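Given the coordinates of chain E, work out where chain Y should sit on it, guided by the hints.
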Amino acid sequence: MKGLFRLVWPPVLTVVLVLLVWQAMVVWSGVRPYLLPSPLDVFSALVQDGDTLWGAALRTGAATFAGFGLSALIGIVGGSILASFAPLRRGVYPITNLLQMVPLVAIAPLLTIWFGYGASAVIAAACIVSVFPVIANTVDGLRAVDPKLKELFALYDAGPWVTWWRLLLPAAMPQILTGLRIAAGLSVIGAVVGEFVSGYMGDQAPIGIVILTGIREARTDVVFAAVLLSAAVGFMLFGLVSGVGHWVLRRWHPSALER
Amino acid sequence: MLRTLFICCLLVLGGCKNKASSDTPESAGPLEISLQLNWVPEPEFGGIYAAQEKGFFAEEGLSVNIIKGSPGVPSGQLTASGKTTFGVVGGDQLVTMRARGAPLVAVYASFQTFPRGIVVHDANPHGDLESLWKSQTKVAVEPGLPFVKWLNHRYGGQGLQLVPSSGGLATFMGAPAMAQAVFIFAEPVELQRRKLPVRTFKVADSGYDPYTVVVATSEEYAKSHPAVVAKLVRALRKGWSAYNADPVPTNAVMAKLNTAMSLESMNIAAALQLPYVQGPKNTLGKMTAARWDTLVDQLKTVGALSQALPGSDCFVSVP
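From first to last, the protein sequence lines are chains E and Y. Read the first sequence against this note's numbering and you will find it ends at 264, with the numbers running on by one and no gaps. Read the second sequence against this note's numbering and you will find it ends at 307, with the numbers running on by one and no gaps.
Only chain E is shown next, with the shape it has when bound in the complex (with noise of 0.2 Å):
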């Protein structure tokens, strides 16, 4: 309880000291709220807009969980097949690049054309933004395993499937749970980008047209809401992950055992 007492309290007082200064800079300028809310404007917002706001954010949270497990399966199997055969690996990593460089704002339109509006083109939009760190850890990880190792196995007739379970898969993890991690910031984004053009308007509205509409109606302090509740959901999502990683890495790792 003491050492979480610890670990929490920096991040907590520098949040309660940001937004001390926020608000007495904004109640001290008299900056219209419509260019800037207070702190106490934002948090008005989640009371009065309540309905609005936590309903967008649990739709973008279940679009963004969606987004970041599709590409963590498609980013560990594929790394994983990557790193596996070396002509495949040099045919095919580079142009898993292109996937950090899309933009994504120029191609959401064409993924509401394939994929309708909803839950499908936001999914896809928060899957191709966040999968390329987890590919790109998974074969580096894997590749980074030590040889002798792979020897030891090979000397006991251990078959792929087993080698990669027993051995790649554990040893790669730190760096794959590292590709997750940043994963997890990116689909949040990429689902807010998606909804902007592929989020249904109405009492299904996400966080993505929760922003738009705000911005619209110089609702700033909605806008500022929404931002805070989207970041709450990559927050959540970064936690999850940081939490399954030191479950998994807590017996040998060091960066678990250090805490």
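Derived by calculation from the structure, the hints in this document are not laboratory data. Keep in mind the model is a prediction, meaning the values are calculated, not measured.
Some chain Y residues well away from chain E (every beta-carbon gap over 10 Å; in silico):
1. G195
2. A233
3. D285
To list a few chain Y residues with every Cβ distance to chain E over 10 Å, as calculated:
4. E118
5. K122
6. G144
7. R187
8. K190
9. R225
10. N255
11. A259
12. P263
13. K269
14. D281
15. Q295
16. G299
17. V304
Derived DEER-like restraints, expressed as beta-carbon distance ranges:
18. E:A29 / Y:A248: 42 to 48 Å
19. E:G60 / Y:A215: 49 to 55 Å
20. E:L12 / Y:T247: 54 to 60 Å
21. E:W27 / Y:A215: 35 to 41 Å
22. E:G244 / Y:P185: 51 to 57 Å
23. Y:A215 / E:G244: 56 to 62 Å
24. E:T19 / Y:G89: 26 to 32 Å
25. E:A67 / Y:N246: 36 to 42 Å
26. Y:A278 / E:T19: 51 to 57 Å
27. E:G60 / Y:S58: 28 to 34 Å
28. Y:G267 / E:D208: 33 to 39 Å
29. Y:T247 / E:L115: 17 to 23 Å
Quick reminder that beta carbons are idealized off the backbone N, C-alpha and C, glycines included.
Relative to chain E, chain Y alone:
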């Protein structure tokens, strides 16, 4: 001092110069002002570009930097905060922004009749806006448009599937059952030029008819620079008169700035928009408090405004 520094920091972070605060003396040459559009160059801004091209701004001693818009550009916020001297906004947007504390005032209403509509494919089974709005059709609209709330209030719209539109036509063209919010003489003209038969329902027929393509400025600027406002309005009126009489030269200029709309489409659109610009009494740019009051009432009715505000405060009357 520190307070000024903080506000300056906000403006610098916004990446824009505060041209509205320009105190260039009028006698020191043309007065530099900026005008932020809320969309790409199209015939709905024809009079503005005509005033530029034909030298009407220069005749009034103004050097106007017309800034092209794009989907989602916050022209109202930019104008109210003084980052641009003038900006183009919707009349309803101006009212909702005023209610949120943004000190915007209209100085010129380019469109006397609301030019928004809903376009459907010709084979769509619905014959009017009411029938369409009571159906389960997928309608692409820009998020946050107040007229959608009005149509929901007027016709129901519980079954409608509203999806975001960024102004592009590709999705609509590939979905025969879909509808899309448009400017009556912009997108439908382009669709027909591409041999896609469509029909357009006018939103104004539902009773919602605010001034549109409104040139606005901040209250502070309107009060401190009434002469500049008057000059701009005079130049805009001349620009629109010239554009209405012969839109082709100005359209040629705009077609170079917006390659997504052909010159042919712009010429057709200019002819179609004429009655919307002139209005029933050919009152170019002029506004009345009664019409602003009606708009305020409608916005309050649909919940877009929490409290009424005087329509007479929404605009500056320039003779």
